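Now for the letters of each chain:
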Amino acid sequence: MPCTIATLTVANNVLLPLRIHVNRKQLLQNIANSSSDEKDPIFEAPLLANNSIIQLKAPLTRIYLSNKDLTDLCNEIKYDLLFIVYDLTSKEVMDHDLRIGKVISFQNDIVEKHYMKDGEMVNDMIKNCHIESIVRISKFKLKISYKHNWELSIFIKSLKQLTEIRNYLLFKNFPTHFDEISTEHMVNTGMVSVKNNKRILLTTVQEQAPENPVILLEGSDNESGFIHEHITEDTKPTINYKYQPSITLPECIEIHVLKRPRRHRA
Amino acid sequence: MQSLFVQEDSDDEKLQEELSRQEENIKSQKENINSTVNGEVEEYEKILDDLNANTITSNEKDIDDEKPLYPLIPADENESEQNVPNIKDIRPVNINLTLPLTYQQNIVEHVLISEDPLVIMGKGLCMASIVANLLFILVTPTKIGNVLKRSLVLVLNASPNDNKHIEEELQELYWLSQDEDFEINDDLKENPRSFNVVTADSLSVDNRRKLYLSGGIISVTSRILIADLLSGVIHPNRITGLVVLNVEKIRHLSNESFIVEIYRTKNKWGFIKAFSEVPESFVMEFSPLLRKLKDLRLKNVLLWPRFRFEVSSCLNPKEGQYNKGKVIEIKIDMTDSMLKIQFGLMECLKKCIAELNRKNPELARDWWSIENALDINFQKSIDSVMIPNWHRISFISKQLIKDIRFLRYLLKYLVSADCVDFYEEIQLSIEANKPSISRKYSESPWLMADESQLVISHSRKRVYEDEKYQLEELPKWDALLNILADIALERSMKNVTGPTLIMCADGSTSAQLSTILRNSDRKRGTRKMLEQKLNKYKFRKEERHTLLREANEKIKGNDQQINVSTAFAKEKVITKRRRTRGAAAAAAVDKLRTAGSGEDIDGIIDKYQTINNGANDDDPIVIEEYKIVSDDDMVEYVNKDIEFASEKTDQQAWNVLLKKYQFVNSSNEVIIQKFSDIENDSQLQEIMPSYIIMYEPDLTFIRRVEVYKAINAELSPNIFFMYYGDSIEEQRYLTQIKKEKDAFTKLIRENAKLAQSFEADLDLSHLKNLADRKLKMNRLINRNTRIAGGQGNAQVFTQDVVVVDSREFNASLPGLLFRYGVHVIPCMLTVGDYILTPDICVERKSISDLIGSLQNNRLRSQCKKMSRYYKFPTLLIEFDEGQSFSLEPFSEKRSYRSKEMSTVHDISSKLSQDEIQMKLAKLVIEFPGLKFIWSSSPLQTVNIILELKLNREQPDPNVAISLGTNFKGNKSETTNSNKKIDTEAEFSKLLSVAGISKIDYFLIRKKVKSYRRLKKMALQELIDTLGDETVAETLFEYFLKQEITETEILSDVDN
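Chains E and V, in that order, give the protein sequences.
Everything in the first sequence is counted per UniProt numbering, starting at 1 for the first residue and increasing by one.
Everything in the second sequence is counted per UniProt numbering, starting at 1 for the first residue and increasing by one.
These are calculated hints, taken from the structure and not from any lab test.
As the structure is a computational prediction, the values presented were derived from the model and not from experiment.
Heads up, the beta-carbon is just placed ideally off N, CA and C, and yes, glycines get one too.
Watch out, some of these pointers could steer you wrong.
Unchecked claim - Rough simulated footprint, nothing fancy, chain V against chain E, three-plus residues with beta-carbon under 8 angstroms:
1) 12–25
2) 120–134
Unchecked claim - Listed below are several chain E residues computed to face chain V (Cβ distance under 7 angstroms; list not exhaustive):
3) Cys-3
4) Ile-54
5) Pro-245
Model the full structure from these sequences, guided by the hints.
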């Protein structure tokens, strides 16, 4: 059961894809009355050199997030994602002694150390982050636990790639902040990694207001009983579609959904 | 109308019958096993007992046999404590599959119950997911007592993409598993079905040992696994089973077959399962299926073509569902010019092939004809015959082969590139064929054919005609835009969630399409794009011309200086003679340039600027270029360390950033991808497109779409399938289908004829026989113990040992040595590749290696090291089995293999061949002690090595490793060689003496072995030995001077 890919715009014409998996095991656990549907096995066979009898079962139906759910999720983790993309690989945060297996608490270790000055928040936005902890699981991989309405594990597949993405985005958004050397560095190295073979073009619809046809009716003037709406009703607006190519960043952030918020009745 | 979007069914009922009959056979085997499931535990118990008994007896036997020998594979120390599963512990294991289609489940079932199968599937039938599911099942732990014993399943020959996909699929399976045995724990280390990838750089030996012991599924590079098996990091008996992927890529005598062989000699109970998606590769040679089976020790063949009933019933649309997710085929006609170009190219190709066959009647094959020219393997077939004979075929034949390659490329390029690009390609080729001083005969034969005129004139016509710029657009572009408009209309009326996916063959096409779409909303957008491209082309041409002019001027300048040299004068004479001959060719090229109309085309295009000047004032059109990032760049990037350079962002920045943050609705996306990007079946499901436009036909992708449609029957996408009617594109696609089908038909027939083979459990394998025989031979020779009291026997009784550098395991030689009963010890060697005896050290070079390391001087330093530590440094130059045993083809191979169509004349190839020989000779002069072994194949090398090792001492791996790493530490051992280095150094000083040439030096070295003796010789003595008065005098003077300076230094010290 493959994942779903959600795409976000993070700068003009720059798209960031997120791979979203549904962790079925956790999800079912978190639903109290999980009725794990018992199916009859479709096939049985003993494994040789083993004392197990394998009972194969047909797969359960695929679970994936609806478009609404995806929008919902992406809006909720907005600030957290900004933190991950822009601040996680900054000098200060990465200064932590992040050995493999060591857990860092987001509130205690990061917010209080880097975002508080004299007991005051430097960056108010960070309050909206709901990251709980960060663990390094291998040399270039991080696992971030998130808990709010949704419960997620966010995996960074490659810190190296994330750094390049960050550099690229910073450069793209605030080109003036960079001196010449780092710009050159960016152009030389960054572009290689910030590359995805997928080309995505975004469709934008340009609706052109139809020109009201002025139809002159014989023997009539404005005061006559004809109403314009009657005539214009049938004309259609001309619709133009524009396809805007954009840069797709590599898929480096992976999200595992552990819990989905209860559906609110609208 | 014939439908291209196939729903394949085999019309041949017999085939289906044969397939099901073969299936029955395997099923009857399975029934034997299956009966145990129905409560007949005893029988199962018996099987298990048998199994255990077998392993135990075989182990005992092994130990008996091996006592006097070095074991070929290090024995497992913990063998005795091997736990045997108790039949009372038998338990059911529930596994939820992730395969939604019944045929996929069928495949899993069949693979599971058949013994050591080779599974060959049609392309695009989701092999990766099936393999992942199987792995998950196969790695099920055994329960012994109350303890779970983990299994270890190794995956061989997996590509990085396979690994990635398997990893994701396994994670999903893990989430689905409802095993109560394992605590639900996110920590992957606790997962008995964990997946790990071992590649060269990731893990140390110790970590690898731990990883193997912890079990699970491990995808490992064969080169590493073989070294681990030979050095005892992992014992074959501890491996539950092997899964070999991409079998079609495994060559004869490869590492994989070597691994399987080692595995099977020690492990009779584990499984081997092999997979392939390319049936065509199993029908190329003589009974290749049988050979592959033997190579990998496989016993059954499972064939799953697309036309198999189980598959087709799953994928073909069911009745009543025809209207859901319809397929719309769009046949587009090529323009008149394109058709004519295509016709011309085909005719040229035909002529080239006919000429090639005529020129080489003894090599040509019937299969080489225009009917098969579109086949993907056509070039390969020619290469496989011609490369071993490269030194025997004429220059014209080489040119013809090159032209066939180029024409096939042009045929493809015609439908994918726009008119300007295609024109540029043709123009470049004509340009390259202009006769010049360095190339006299380099006329491409296809340009001589009359039809080439047609190609050239029409490719010009597409750009320019009747004093107007035609700039013909590709017909597919318009069709694509229309389709997109249709889709947009449908979207506006219905609520469609998925994105639109456009699939094309390569990166340049995807860039091209992206540009087209971007400019689609402007008036005459594509036309403007082409105009701009034309301008760029002209600019490039201009640049080339100036470059050429500058280069020519430089050459002119040098001309006068070099004129003195006699060698150059000789060259000049040749030029004169040739020039008269080349006149006809020059005229022909002139004719080509003005093809059709008689005007110089390029000249007219140059005028273009003036016409266009006024029109170009709109905002510029961005043309996306397709850039290939070379592997070198990537490597450089990967090796770089991370710099966490800049500081964190502030609140202000966040405000800006927040505004730009937005979720993109997937229905607004138009995604353009290459076929090769969607490598595994799940990627389509990730994207979940509602509309799929296939810009070009592709067999594998069509299958993927079929599978996707079958899975998502409810939300089935609409598919648009575009192709040029009556084009080679269509033809190529049809041959592709036909070939796969034919391959499967052949395979089914071959499989039916295969003799069923059984092997006795304790098979006296040939390698043991060999070792045994050798032992007996040695005993015979050394029967007479009276000589030296039989002291030598202890040595002779040991088995042959060769220390091999662990980096050498990419070659087939170590595997072959193993098969011939030689104990191969993998070590990290600093000096040499193979250590045969304490004295003989061998550096193996394949030809391409040789040329490379001659070029960068690595070979020199390697030889230097070898001669420092070993008495007999040896350079082994090994050819491949399929190569011709001659240097000639390789000296030009680089240019032949490369994509560039540069034409190298045979004279220049001879030159570089001379170069290789010259460099080798230089090496010999520099290292007089260096021995050379020329070997035509790895098999011959084995013979040579065995001969060399006869009655010689065995090397000590510990010594071999230490050599070259810290030579100061064991000085006492190497004093002998140190002394040698001293003399070497003294001698080499002579080279710097003025008046002594290298030849003189060589003579001196030959005549006088000791430097000290040379130094003490009187002048007359020197003259007598060397036979050259002047050299002797200079040498004598040199020694005299040296003595004086030495005494001076000494007296200085004394003072």
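Cross-check of the supplied hints:
no.	hint	verdict
1	12–25	holds (count 7)
2	120–134	holds (count 4)
3	Cys-3	holds (6 angstroms)
4	Ile-54	holds (6 angstroms)
5	Pro-245	holds (5 angstroms)
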